[in-house]
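Chains as they are written, first to last, in the working numbering: chain U, 75 to 424; chain H, 480 to 623; chain G, 2 to 317; chain L, 37 to 316.
Keep in mind the hints are simulated off the structure, nothing from the lab. Wrong hints could be hidden among the right ones.
Here are the simulated SDA-like cross-link-like pairs (lysine to any residue), alpha carbons at most 25 Å apart as the crow flies [said to hold, decoys possible]: (1) K339(U) with P45(L); (2) K231(G) with V622(H); (3) K339(U) with E129(L); (4) K114(L) with S365(U).
Quantities reported herein were computed from a predicted structural model and do not represent experimental measurements.
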Amino acid sequence: MPDIRISKENFPGAIKQLMDRYRVFAPVKKGRFHEFALLQNVEQADLGFSNTLLSPKGLFHPQAERMFEYSLAREDPNAGILKEAQKDFSPRVILGIRPCDAKAFELDDANFNTESIKDPWWVQRRETTTMIGLACESPCSTCFCTSMGTGPFDTAGLDVLLVNIGEGYAARALTEKGTKVLEITSGCSSPAGDHLPLAERQQAAEQRIGTAFDPAAIAKKEMLELYNSPAWEEVQFACLNCGACTFVCPTCWCFDIQDEVCADKGDRLRLWDSCMFPLFTLHGSGHNPRSNKIQRVRQRFMHKLKYYQDKYNSGPACVGCGRCVQACPVNIDIRQVGQKMASPDCSCSI
Amino acid sequence: MSDWEPRIIAFLCNWCSYGAADLAGVSRFQYPPNIRVIRVPCSGRINPKFILAAFRHGVDGVWVSGCHPGDCHYIEGNFYARRKFALLKSQLEYTGIVEPGRLHFSWISSAEGTKFAETASHVVESVKAAGPAQHFVKKQAEVA
Amino acid sequence: MQQSYTESIREAAKRLLSEKRVEAVIGFRKGTIPFMNEPFLARTVEQADLLIWDGNCAMNLANYLPKRTGSVAITAKGCDSRSIVIHLLENQIKREQLYILGIPCRGMTDKRKIADNLNGREIIEVEETGEKLRVLGRDFEQSFERTEFLEENCAVCTHKNPVLCDELLGEPVEEQQIDRYEEIRKIEALPPEQKRLFFDELIQPCIRCYACRNACPACYCPTCFVDESKPQWVGKTTDPTDTRTFHFLRAFHVAGRCTDCGSCERACPVGIRVRLFTRKLEKEVKELYGYEAGVVQDERPPLDAFRPDDPEPFLG
Amino acid sequence: MDNPYLPYPVRIDSVITETEDRNLKTFTLVFINAEDERKFEYIAGQFGMLSIAGLGEIPIGIASSPTEKGFVKFTVNKVGKVTTYLHNMEAGEIMGVRGPMGNSYPWDLLRGSNVVIIGGGFAFTTLRSSIVYMIDPKNRSKFGNIDVVYGARSPGLLLYKDELAEWEKRSDINMHITVDGTNDPNWKYNVGFVPTVTKQKAPSAENAYAIICGPPIMIKFTLPVLTELGFPPERIISSLEMRMKCGIGICGRCNIGTEYVCKDGPVFTLEQLAGLPAEY
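Bound-form chain U, shown alone:
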């Protein structure tokens, strides 16, 4: 399908058409920040955002999700037997997702959707979701996506790429799902014509993003050498061991499973968890393999920047969205940590 244009005037109409067929999630401003939310009306969608405070991972891996439900009533013959909780897997569109976040879900797929084991909720949500990405034209100073193997115009994981071209949006279908949504909205669009200034815009955006560190240099290092580096001592000092970095991160997928009972009804829930919390690894016996802050801080960075690369023989589990840099209450900056890890003697010039 050739590229199309949707004018600013027609854009709300196009969203409306999508809302007739899909559940549409888009950035919505709430208080000081934006978040991805189910649109109730077209006006809520606000594509004039830099990025959402929280990553959109909650759309695929909610902070708390009911996995199973069960009855504990004595008289119930099925008491104690778990049943899958009903969920809405009707088709949906995520409108305005940034390329870095879409890329993050591809990285997360390596965990949730493997040859042998598939996470049913993740996989179904991924299958029923069409992602309309919005190219990033004014990256933040904390962005470092280009160092992490993605970029402000990266199409990885997207079905459609939208580019703001001033008078409207240019749209390029990247997959069949993407073609479908553009066909649905075709009444609001016109052919893009020959020359779309996408390459120039992409270049301009990429130039704004500095180089943070080279993940390939980390991949080349010996795992245990990095693990045992004295540099962690300095990295970890300020850390409070809160979960802010992990909760805002699009590639932090670790979760906990908990049962909750109210009266004679029970739920098995899964909840975001964080390797920053001591409870994360605490054994029943009281032994904790990562009982110290330094171990937990190291685990987070090593998992993202080293273990993931080694395990999947790929780039790091980081897309350079910069959220953790902004959210950290004590300014622990993954760019600095990555630079340390990548440098020959684990030092940092910043």
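With chain U held as given, fit chains H, G and L onto it using these hints.
Positioned in the frame of chain U, the structure of chains H, G and L alone reads:
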């Protein structure tokens, strides 16, 4: 709602109010049956978590009763408790978790069976006036 | 003016380190993004040169003291010093381990308030000169009077000068007489239903990352109540009842120990004004027991003390 | 799509108290749906997630052997919330089990070799599974000599006492049962710590693999003995314990270096462990 009866948890100190409840019973003083007693070794044993837990589990009122200040079996347990209760009650009402009339404290010695029955009636009356607790009851989590 | 603090801190740190008076100095080093500095442990004279002081040193450094071994110097504003007093009272650190570099504080900058004035434009750089802030973006530049953009807790601070220190790194600043609880009284005056709705809305964005708890110097329990499982006092989802339980109990645990340093609020990644919980307790403690946390060095915290004639406003 | 988080419903068929301190009980579970038993086809060394509605799940090594059909057995130490509840459950009650999980002992590799099994305390469960598997008439010929060193603090704390006694009588397996100490005059086996007994019995490292499971302190002191006997790190096999939730390599908490203990482990050779951060 007319046949609604409140459920109230009473944390009673073993050395005084619990005895007072006993005395009220053997003396055949009448008081409403809405109270479920949990015996504690001292009002100083009350942790704010207990009170929150009771409300989370859906009780309509909580009543804590201990020895008169100065008469603590452990000399000063209820002196500490007193400060805790003052802050706790004001904070619970300030944050809107507990409406006025749901949370009660009293000092009742083991000799005060009458006072126990009277206070119990008063507690039940005020919790009834506050109506069924709705807002801080833990229900099935509102999650995806 | 605050630049001179940087110089005095470095000078003192180098002296203390080279004289082996302390093994390390806890302070701040320049952050990587605007309005942020990173708590930093300087172990060598060279590292001491990284220490700085400006209006972005809000995090309470007393948080890094509990259970520390060895001797350490620490830069302390008024609130930090009060938290240190609390730690000393609660035996989290010994006085002889500490060398306190007192800093008369001129208040910390509220980055969110500044951002609110920029219409979504991103700040790339900030220059702080005295009380003037020059904020630079990609295509704009704007100046602010810092005193008008102080963190809320700083704006109502009545203990800017350290209450305890070994060395004061500057002239004491003037303390203000101010009504600290105006906003609290407004909330108190709301009808119960409104109070509930107010706090429900306040904590609605909470993601339960526990940054507020962990940023707090007074929160150092080895096992926090949220992690207790037998029984479990609070659920771990973002269910409103659980989130309210968490915020309530967190605030209650620091009752009479909170110095209103504002670290919790500053740490919150979603911008919840969590001090609205703690300040009410602070007000009660002050009104009922005449106590201010960490101001007097040898007075037990209010929940670890009593007077026979304590008021009993909860009766009836 | 089969949901890998959904436990198979099982009925507790029997509960046996194994040790005199009553902290270890063996639960024999029977699948309520016959086809679930087929899906739960396992190999010795794997583990399962025991699920109790309302409380949660716990990862427990499978104590029964794949050669034993019609049931699956787990021996559970009473430690936390779930295990305490489980210990109070009785035959006939319904619970859940998920699995099998993990990589098992490397049976293909062990084929044709002598096997030395060293166990301590309650970490003998998957070792029991392995022994029963190996001495099964269909399998016995696949392995050379089988030596078993198994120790507990006292005779009353040994697991599977009846079976131990039976195995003692057999000629195709060399049992070295030991206790740290006892004042039982009728105790007819060894007295001494596992490392010491291993050294005394000195099973040959010739064409042999050692499988070792037990408390960290036992492992710590036994490894040098094995090295002395000539076992190279790639022939010493151990099974790790870890806090787990999903059991299928997704939830992330049992991550050590590149490995997820629940999926890539729990069985590792000493050589493999040497290449990983020691966070276990």
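Outcome of the hint check:
Annotation: proposed proximity of K339(U) to P45(L) holds, straight-line Cα distance about 18 Å (limit 25 Å). For the proposed pair K231(G) and V622(H), the alpha carbon gap of about 24 Å is at most 25 Å, so the pair holds. Under the criterion of a C-alpha separation no larger than 25 Å, the hint pairing K339(U) with E129(L) is consistent with the structure, at around 18 Å. The straight-line distance between the Cα atoms of K114(L) and S365(U) is roughly 23 Å, inside the 25 Å bound, and the hint therefore holds.
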